[in-house]
Amino acid sequence: MAKGEIVLGCLAPHPPHVVYAENPEQNEPFSEGGWEALRWGYNMLARKLKEIEYDCMVILTPHWQTYVGTHFLGLERFQNISVDPIFPNLFRFHHDIKVDVELAEKMCEAASESGIITKMMRNPDFRVDYGTIVSCHMLNPDWDKPVVTISSNRSTHYYSNEVMNEQSIALGEAVRKAIEDSGKKVVLIASHSLSHRHFVTEAPLPEDMSREHIYNHSQYVWDMKVIEMMREGKMKEVIDILPEMIEQTMAEAEGGGLTWMMAAMGMPDYPAEIYGYQSVIGTGNAIAAWDPNAETRAIVM
Amino acid sequence: MSEEPEIVMGLYVPPHPHPLLAPDQNEGWGRLREAYDTCRQRIEESDADLILIYSTTWPSIIGHQIQAHPKPVFTHVDDDFHFLGSMPYEFRMDTEYAESFKDACEERGLQARTVSYDGFPIDTGSIVALKLLNPENRIPACIVSSNVYSNRAEQIVLGKAARDAMAKLGKKAVVVVVASLSNRMFTEHIDPAEDRIHSAKDDEWNQKILEFFADGRLEDISQLSRDIQSQIRVSKVVAYKPAWWMAATMGQHNNYHGEVLAYEALHGAGGAVIQLTPAKGSIGDKEFDEDDVEFYHGDRHVLDKGSL
Ligand SMILES: [Fe+2]
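Residue numbers (the numbering used here), protein chains in the order written: chain X, 1 to 301; chain G, 1 to 308.
To be clear, the hints were calculated from the coordinates, so they are not data collected in a lab.
Source: prediction; values computed, not measured.
Don't be surprised by glycine CBs; every beta carbon is placed ideally from N, CA and C.
Just so you know, not all the hints are guaranteed correct.
These stretches of chain X come out as covered by chain G in the derived footprint (C-beta under 8 Å, 3 or more residues) [as the list claims (entries may be wrong)]: (1) 113-126; (2) 224-237.
Restricting the straight-line Cα-Cα distance to at most 16 Å, the calculated cross-link-like pairs of lysine to aspartate or glutamate (EDC-like) are [said to hold, decoys possible]: (3) G/Lys286 - G/Glu211; (4) G/Lys172 - G/Glu96; (5) G/Lys168 - G/Asp37; (6) X/Lys119 - G/Glu188; (7) X/Lys177 - X/Glu109; (8) X/Lys119 - G/Asp191; (9) X/Lys185 - X/Glu102; (10) X/Lys3 - X/Asp55; (11) G/Lys236 - X/Glu247; (12) X/Lys119 - G/Asp79; (13) G/Lys71 - G/Asp118; (14) X/Lys185 - X/Glu53.
Based on the provided sequences and hints, a complete structural model is requested.
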C-alpha cells in the first residue's frame, strides 16, 4: 500500500454568515448576499480542490468543545438540521454528512498511542457542529467526500495557550502518522477565524455591508502580520507567536486548529496561498491554503 | 400590577448530564438526582407559574438571547458525555414572558432578542434542569443565555429586567441558575465510582460558598463573584456571572432561607443543588440587610457594659 499523504491544508473560517450569503438550498433563511471577499475566495479554493485527488477531509473545529480529551466522529452518517446557537437567524442547515470511520479510528488510535486522551463519538443522535458544516460546505458544496471531525480540547481554558500549542502539535504529529499509515490522500481543515472579537449588536439586515468592519485596528494589524508571515512561509514562527496573538486578539486559533494542522504538515516553510480576508461581525477571517506540491502551489493574491 | 415580583424560590443546580443520565453509576450522582427530585416535588407543591432558567452552558454574543419557542422538541447529545446517552426533550415555554423579558431588557438599555426556531440547540444544562425539575411541563418555562462579553453591571441589569417582566405579568417565579461551583473537571476519563472534587482547594472554596448559601447570603456571594472566579473557575469566560444574575433577579438581599440539598463531584467539578426561599425575620445579622439605613436606631442586643 502506498504511503498516505496530506495533499492540502486549509485555513477555513466558519462564520455562518458566508453560508447564509450563498443561499444554498440546504439553508432555510434567505439572504441578499454579503461578505463577497470571503465567499469568492472560498469559491476559488473550492475550484482548486476539485482539481486535487483526495479521499477525505479531516477537520478540527472549535465548536465541538471537549474538556475530557480529544474526540473523533465515529459513525458513518449524520443527517440532521444544524441551527447556529449564536446566529439562528442566519443558519438552519439541513445536512447529510458521511464520515470516514476507518480513518477516524486510526487517528484516534495513533493519538492515544502518543499519550493523548481520546474518545470515539458513537452516539447516533449526536449533532455535528456548525464549524464543520460551514467550512466543509464552503470548500466542497457538493458534499461528495467523507469527512472526519476532531473535537477541540479546551486546554487553553484549563491551562494556557502554550499548553494548547504543545498538545495540538502532538495531536498533529499523531494524525500525520495515522494518515501515512492509512494510504489515503487527505485534505486537512483548520476551521476558525484569526482575530475574534465580535460586535454584540447586529444590523437589522445582517448582510448590510455598509455596517461591516473589523472590531478595532489592533485586531486588523495582528491579522495582517500573521497573513504576511503565512505568505513568507514562516509557519513555525506563526505558531511560536500564536499564544501572544490569542492573548491580544482572542484569536479563535485558541481551539488548536492551526497549530494541529501546521504540525501535521511539518510546519511549512513555503508560502501559503491566500484566498481572501474580511471581517464578519467584527472578527478577522482569512482563507488560506498550504499546498505541499510546489508544482501546483499558486500565488493567488 | 405589583412593583415587586413574587419569587417563589431560587434554585442553584449543576449543568452536567450525570444526574439525568447516569444516577446509578455513582452514589454522589444519585444524591444529586434525589435532590433534583426533591426540588421537583417542592415546585409541584408551590403555586409557581413560571420557571426562569439562566444557563451558563448557553453562551450568546448578540446581547442576551431568550428562548421563546412555545414547544421546542429535539434530541440533544452532550459534547463531552455523549457516551452517557441522548436527551430527547419536549418543553413548554412561556412565550408571553419571553417577549416581555426582552422588552424589559431593551427598556433597561440591554441588547436582547428572543429565539424561536425548530431545532434550536438548547444547551445541556437547561435540558438537564428542565427535564428533572419540570418533567411533565406542568409549569411553562423560559431560558436566558449568558453573554460571553457581559460583565457585572450587565448581569445585574439583566436580572432587574427579568424582575420587571415578572412584576408586569404578575408571575410567581422559580428562579433557576444552572452552573457548577468549582468547574474544573478531570481531563481524562474516570471510573465513575472514583469521582471526587478535582482538588482540595476547589473543595474548600465550594464548602465556604455552600455555607453562605445555607445562611441565605445570596447577595454576599454575588459580592464575592470575582474572588470565586479567580480561585475556582477555569478561564472559560471572564467572570463568574451566575451569582450576579441570581442575586439581582431575586431582589439583591441576604434574606433567604437557604438549604443545600446535595453537594457532589461531577467528573471533578463541584455540583450542588441548593434552594433559597425568600424569608422574613433575619434582618440585622447579615450584610446588606440593615433594618433601616436612613436613621440610627441603635444596635440591638448590646451588652450593658463594654469589655473591661
Ligand atoms: Fe467560531
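Hint-by-hint comparison with the structure:
1. Coverage of the region 113-126 of chain X by chain G holds [criterion: at least 3 residues with CB-CB distance below 8 Å; count 7].
2. Judged by the Cβ-Cβ criterion of 8 Å, the region 224-237 of chain X is not covered by chain G as claimed, because only 0 of its residues qualify and three are needed.
3. Between G/Lys286 and G/Glu211 the alpha-carbon distance is near 13 Å, which keeps this suggested pair within the 16 Å criterion.
4. Annotation: proposed proximity of G/Lys172 to G/Glu96 holds, straight-line Cα distance about 14 Å (limit 16 Å).
5. As the CA atoms of G/Lys168 and G/Asp37 are separated by approximately 31 Å, the hinted pair breaks the 16 Å bound.
6. A threshold of 16 Å between alpha carbons decides the hint, and for X/Lys119 with G/Glu188 the separation of about 10 Å falls inside it, so the pair holds.
7. For the suggested pair X/Lys177 and X/Glu109, the alpha carbons sit about 10 Å apart, so the restraint of at most 16 Å is met.
8. Straight-line distance between C-alpha atoms of X/Lys119 and G/Asp191 comes to about 15 Å, which keeps the hinted pair within the 16 Å bound.
9. Among the hinted pairs, X/Lys185 with X/Glu102 is consistent with the structure: their alpha-carbon atoms are about 14 Å apart, no more than 16 Å.
10. With a C-alpha separation of about 13 Å, the suggested pairing of X/Lys3 with X/Asp55 holds against the 16 Å cut-off.
11. Using a Cα cut-off of 16 Å, the hinted pair G/Lys236 and X/Glu247 holds, with the two alpha carbons roughly 13 Å apart.
12. Restraint check for X/Lys119 and G/Asp79: satisfied, since their Cα atoms lie roughly 11 Å apart, inside the 16 Å limit.
13. In summary, the hint linking G/Lys71 to G/Asp118 is supported, as the alpha carbons are separated by about 9 Å, within the 16 Å threshold.
14. Between X/Lys185 and X/Glu53 the CA atoms are separated by roughly 7 Å; this keeps the pair inside 16 Å, and the hint holds.
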